[in-house]
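Enquirer: Use these hints to put chain W onto chain C, whose structure you have.
2 protein chains.
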Amino acid sequence: MKLPENIKIIEIGPRDGLQNEATFLETKNKIELIKQLVECGFKEIEATSFVHPRAIPNLADAEEVIDGIREQSATFFALVPNEKGYERAIKIGIHGITFVLSATDSHSKKNLNRSTKDSIKELSSLVEHCQKDNRLYRASVSTVFGCPFEGQTEFGRIAGIVESLAKIGFKRVGLCDTIGVANPSQVYQWMTKLTNEFKQLEFELHFHDTYGRGLANVLAGIQAGVFSFDSSIGGLGGCPYAPGATGNISTEDVVDLLEEMKINTGIDKRKLLNTSHTLEGFIHKQLNSQIWKVNKSKCL
Amino acid sequence: MKLPENIKIIEIGPRDGLQNEATFLETKNKIELIKQLVECGFKEIEATSFVHPRAIPNLADAEEVIDGIREQSATFFALVPNEKGYERAIKIGIHGITFVLSATDSHSKKNLNRSTKDSIKELSSLVEHCQKDNRLYRASVSTVFGCPFEGQTEFGRIAGIVESLAKIGFKRVGLCDTIGVANPSQVYQWMTKLTNEFKQLEFELHFHDTYGRGLANVLAGIQAGVFSFDSSIGGLGGCPYAPGATGNISTEDVVDLLEEMKINTGIDKRKLLNTSHTLEGFIHKQLNSQIWKVNKSKCL
Chain C
1 MKLPENIKII
11 EIGPRDGLQN
21 EATFLETKNK
31 IELIKQLVEC
41 GFKEIEATSF
51 VHPRAIPNLA
61 DAEEVIDGIR
71 EQSATFFALV
81 PNEKGYERAI
91 KIGIHGITFV
101 LSATDSHSKK
111 NLNRSTKDSI
121 KELSSLVEHC
131 QKDNRLYRAS
141 VSTVFGCPFE
151 GQTEFGRIAG
161 IVESLAKIGF
171 KRVGLCDTIG
181 VANPSQVYQW
191 MTKLTNEFKQ
201 LEFELHFHDT
211 YGRGLANVLA
221 GIQAGVFSFD
231 SSIGGLGGCP
241 YAPGATGNIS
251 TEDVVDLLEE
261 MKINTGIDKR
271 KLLNTSHTLE
281 GFIHKQLNSQ
291 IWKVNKSKCL
Chain W
1 MKLPENIKII
11 EIGPRDGLQN
21 EATFLETKNK
31 IELIKQLVEC
41 GFKEIEATSF
51 VHPRAIPNLA
61 DAEEVIDGIR
71 EQSATFFALV
81 PNEKGYERAI
91 KIGIHGITFV
101 LSATDSHSKK
111 NLNRSTKDSI
121 KELSSLVEHC
131 QKDNRLYRAS
141 VSTVFGCPFE
151 GQTEFGRIAG
161 IVESLAKIGF
171 KRVGLCDTIG
181 VANPSQVYQW
191 MTKLTNEFKQ
201 LEFELHFHDT
211 YGRGLANVLA
221 GIQAGVFSFD
231 SSIGGLGGCP
241 YAPGATGNIS
251 TEDVVDLLEE
261 MKINTGIDKR
271 KLLNTSHTLE
281 GFIHKQLNSQ
291 IWKVNKSKCL
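As you go down the protein sequences, you meet chains C and W in turn.
Reading the first sequence from the start, the letters are residues 1 to 300 in our numbering.
Reading the second sequence from the start, the letters are residues 1 to 300 in our numbering.
Isolated chain C (complex conformation) (with noise of 0.2 Å):
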């Protein structure tokens, strides 16, 4: 079993998290917490949504967050679906954007109102404004592993967006499973043939924790070289297919993962909790982490 040195997480809660929230986090305690994180030691952290208020209503405060972490020494990124969300990020002075696709054209169509070949066909501009903005970008591709709609996902379709996202500019691509529905040995594969045939893109690993699977794929994508994983801060997210599912795979169990297996994230554990402690106490919910809830007593 070969592993790296290093891993980077990408710190996705006050994005992903917080936008299945049932109630709004006011910015204030938005803005507390990404100050936190910073302080833990997350070099790249989402930290809102430029959508439309009433689609995501829990992030219609993204200008507000991004104009009170401007301080801190960290890169921030914000997910971007379409021209005006971009407008809108960059006259805020968003670092970094995070742009969408869903790779089953059900749930293309169903969540951005178009068909994955459009929705990669509108990225292409998009691609060229950031490097004219010069400004970091990354596409986060959705229902890679499986789609709640089409039910499997076949590999030579990922592998043949992956490559027109290659064409059109991108150098980091984020493979999403969505639902929660990939398991190691798909994850292994894939993830070795394309790390393999792309050696040019950094692959970036992004699980939910449905079926209780998020951190034996973390383990699968790491053997199949890939060394970026998005997480959520109290595995925060849910999803919107599955009716009691968790979310994210936990970033507080991730870290802990890894840096039992002697693999660095640069992440304060200790800190890391404190912060978890910080965001229930924002949200009044247990937060969905196991090494938070046996630690809980410690922080109190």
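Quick caveat, the hints were computed from the structure, so don't treat them as lab data.
For each residue, glycine too, the CB sits at the ideal point set by N, CA and C.
Please note that the accuracy of each hint is not assured.
[Stated by the list, open to error] Short derived list, chain W residues pointing at chain C, Cβ under 7 Å:
id : residue
1  : E64
2  : V173
3  : Y188
4  : G212
Expert: Same frame as chain C, but now just chain W:
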């Protein structure tokens, strides 16, 4: 990633799970649970424990349970801590014995009131009894990957214990991560060495999901050449040393993981979820199985 075609799951919920529950499960419900587990396809089930009823009141009905499942076509194991327990188990006609010992002296003295060395000495004559009485037997070693009192464990000590167990006649050796602190890197390294060094032994791994690493550890164990795993329906079990901790890895999630990876377990997943439903009705609390939580609404 080389994977086997088959994996054996040893269902330990009726013993390791129920012993930790807050209340006694009525004997007839225990028998019903075990009958349903047999129908799911489990070939080996740890059905109860022959310990003093004062030590584990929840399993005080060991004889009645074994008597009630006599007609079922599976191999039933029971946990036995000493000579006295052995006599009770044989008298009622148990098929197989799980002998327990601890890898660390501190845990051993606290749990069994003797050192690891003395445990092995006592087990020596019990193994002879088993051979004479023509019963199956396996060792189950606690605190292998970490100890609540001594912290980290040393591989050399574990390898020495395995060697001693092989010498006194054990063919099946279960290594338990009693407090859930094992990590995949450790599991892979240790089990690769042990499976190479003791080719005559069948190793069985027993993981707890305290820090959410249970399934990742199963994956690492499989890659190291281990093909038998203990698990507990509904993730029952808990950990007396970690308040708030989850218990054993959940049978439902392990079976689902393996079947998704095209590894055959011989277990009918639909029947298994119906058994989860029965169990939840018996113990009146939410089970700790991800796939059960997601599928619950469909089963009701």
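Enquirer: Against each hint, give a clear statement of whether it holds in the structure.
Expert: Against the structure, the hints come out as follows:
no. : hint : result
1   : E64  : violated, 34 Å
2   : V173 : violated, 22 Å
3   : Y188 : holds, 5 Å
4   : G212 : holds, 4 Å
Against the hints set out earlier in the document, violations occur for numbers 1, 2.
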